[in-house]
Amino acid sequence: MAVENGVENVTRWTRKDLLSIEELSREEIELVLKTAESFKEVSAREVKKVPALRGKTIANLFFEPSTRTRTSFEVAAKRLSADTINFSSSGSSTSKGESLSDTAKNIEAMHVDTIVMRHSSSGAAVHLARSIKAGVINAGDGIHEHPTQGLLDIFTMKERKHKIEGLKVCLIGDILHSRVARSNIWGLKKLGAKVTVCGPPTLIPPGIERLGVEVSYDLDKVIEHQDVLNILRIQLERQRGAFFPSIREYAAEYGLSKERMKRAKKDVIIMHPGPINRGVELAAEVADGPQSVILDQVTNGVAVRMAVLFHTTMVER
Amino acid sequence: MDKLILDAPSLERSVTRMAHEILEKNKGTEGLVLVGIQTRGVTLAARLGASIESIAGARVPSGVLDINLYRDDLTHAAEQPVIHKTEIACDLENRIVVLVDDVLYTGRTIRCALDALLVDFGRPRRIELAVLVDRGHRELPIRADFVGKNIPTSEDELVHVHFKETDGKDEVVVTPKHSRGR
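Sequence lines, in order, name chains A and B.
Here the first sequence stands for residues 1 to 317, numbered as in this note's numbering.
Here the second sequence stands for residues 1001 to 1182, numbered as in this note's numbering.
Isolated chain B (complex conformation):
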């Protein structure tokens, strides 16, 4: 059975709330950079950016990160990942980077992203993490600073985040692992 966790209006509200929280915690947009993790983290980062702009009236620079080259399971991944583009136009030195992803699960993706940011893209002042869904089951000591929704899940379930831009509609759905409902 598919469970609808967030519909379009509640997803929208979550994003707006996260944008407010980011502004509150960082006391404005000074020094902020949003970095989305490919692929849906990029969409979420764009949404957060637009929301922040409409609240604070300032544009926050953003970047795109592909973490596949930093994965710890790259050598024995069952199938080769598709490598997407990484584009971080501004210097991250001394900036506050808000890393953005759709789902926080084991934490391994975020570990890869931290590696990439810290080793290869300068020395940010602080890195914060924003995710639309935290589904638990962490395998590394990593937590999110901004969460759209906490969803208790079992490991036999899949969390699907859909965005209008990439999937036709805004929603978050949980499905059992074997029967993909679409």
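If we strip away everything but chain A, and leave its shape as in the complex, we get:
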């Protein structure tokens, strides 16, 4: 592996932050996916650890409840030998009225290298990244983006379908409130996939066609053409605005049932960012069925987050 043996022509990663997929180039996305592929092996070893981020400190700063994303980041950081600290909004000084940048500056004063943040306000991650020297990874900001989820979804699609270019992907459900949908759309479009969004008109933001996606309000019409069905969670906590008449009606129109699956391609894959509302957006038999890759998404999430933490934390501050 001597350095003198020819320079590989590759994209260099120069960002200390990962704030959105919108800001990434196609090459940067491909670099993360490639690194993640190599990191996947680490989690399969008996000793699940490499010393790449030894001596680095990564803080999880979660202002919204989250178990799986926070845990996934924590496992990823630990597999790279970084030290991790967890802050959550309850029990922290934000509940005493401290501002976001004050909280972050206090964490930074402890010489944390990278902050992983989830926040209910869109744009919170960008704001934070501008105000501190530490790196910032956006783990979901309001209804804006959830870039690592987008990357792990794309990673899983690529693993199963061996390509993204030309792949037909349908995002189903609440597009309006979904940061996962936005990150998926940006990433998939940059890599050349054909993206359709499908859901009730009230949950599809007007003008979304400008991102280069097709819009459908009728799942039964589009399902048969798709290679990937990425089901979004109906965010019951965000449904105060009565965007559809009832949960039961939503399930009947847009829920992925066993019956509806009969119209889909035989080799379609079913994805869901979790947690699943079984029987609402996704029937239990389908979630647990052979086409479901939902648990692969969880496994791949660790590898992708390792890649993101590795690249961003390695950039000089």
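Hints are supplied without guarantee of correctness; some may be wrong.
Examples of chain A residues toward chain B, derived with CB under 8 Å [said to hold, decoys possible]:
#, residue
1, R12
2, W13
3, T35
4, H311
5, M314
Here are the simulated distance ranges between beta carbons [unchecked claim]:
#, chain 1, residue 1, chain 2, residue 2, range
6, A, R248, B, L1118, 52 to 62 Å
7, B, H1137, A, K133, 34 to 44 Å
8, B, T1166, A, E23, 31 to 41 Å
If you're looking for bench data, these hints aren't it; they were derived computationally from the structure.
Ideal Cβ placement from N, Cα and C applies to all residues, glycine included.
With chain A's structure known, arrange chain B on it following the hints.
What follows is chain B alone, placed relative to chain A:
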């Protein structure tokens, strides 16, 4: 000026000789595993494996190691390394591991590889080192057991190992650092 150090036939002969030496030192293929360091060490390991098989008639298992995550200069490397795959299919416990790389220089790559093998992949009985070129200038107390060719170099020179599989032809060339001849 580019200096041709090994052409295709002499590179081939070096590999064959190294394969013989590996077999001689270890009295056969029993317990042997070849582990190539990404990227050209992997090619060399495959060549050695094929050569050993044609001499001894036995297939030696092999693995692939990426040492970038174990580098001591990772935090201040000017550019981020590309992380390649590590794949070591068999258990290394109690095996004789022949670590394979194209060029031995400062020894830091090998230090990383030893870290990875010893800490994360079990406890081999013995680790040996095979390199196609030893160019000197060691910064750590590390030596190779099997060497294709010793080349005295200055630190202002670069050693390029090219293999048919990755570079189109088999050769070893030394060039001055600033003018890359290709």
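Query - Satisfaction of the W13(A) interface hint, Cβ to chain B closer than 8 Å - result: Nearest chain B Cβ about 5 Å off; hint holds.
Query raised in the report: Close enough to count: is the Cβ of H311(A) nearer than 8 Å to one in chain B?
Result: Nearest chain B Cβ about 6 Å off; hint holds.
Requested in this report: For H1137(B) and K133(A), compare the CB-CB distance with the range 34 to 44 Å and indicate the outcome.
Outcome: Taking Cβ atoms as reference, H1137(B) and K133(A) lie about 37 Å apart, which means the hint holds.
Report task. Would you check whether R12(A) satisfies its interface hint, that is, whether its CB is within less than 8 Å of any CB in chain B? Result -> OK, holds: R12(A) within 8 Å of chain B, min 6 Å.
Requested in this report: Kindly confirm whether 31 to 41 Å is satisfied by the beta carbon distance between T1166(B) and E23(A).
Outcome: holds (34 Å)
Query raised in the report: So the hint says 52 to 62 Å: do the beta-carbon atoms of R248(A) and L1118(B) match that?
Result: Since R248(A) and L1118(B) have Cβ atoms about 60 Å apart, the given range 52 to 62 Å holds.
Query raised in the report: Does the CB of M314(A) sit less than 8 Å away from some CB of chain B?
Result: holds (5 Å)
Query raised in the report: Should the interface hint for T35(A) be scored as holding, given a Cβ-Cβ cut-off of 8 Å against chain B?
Result: holds (5 Å)
The structure shown violates none of the earlier numbered hints.
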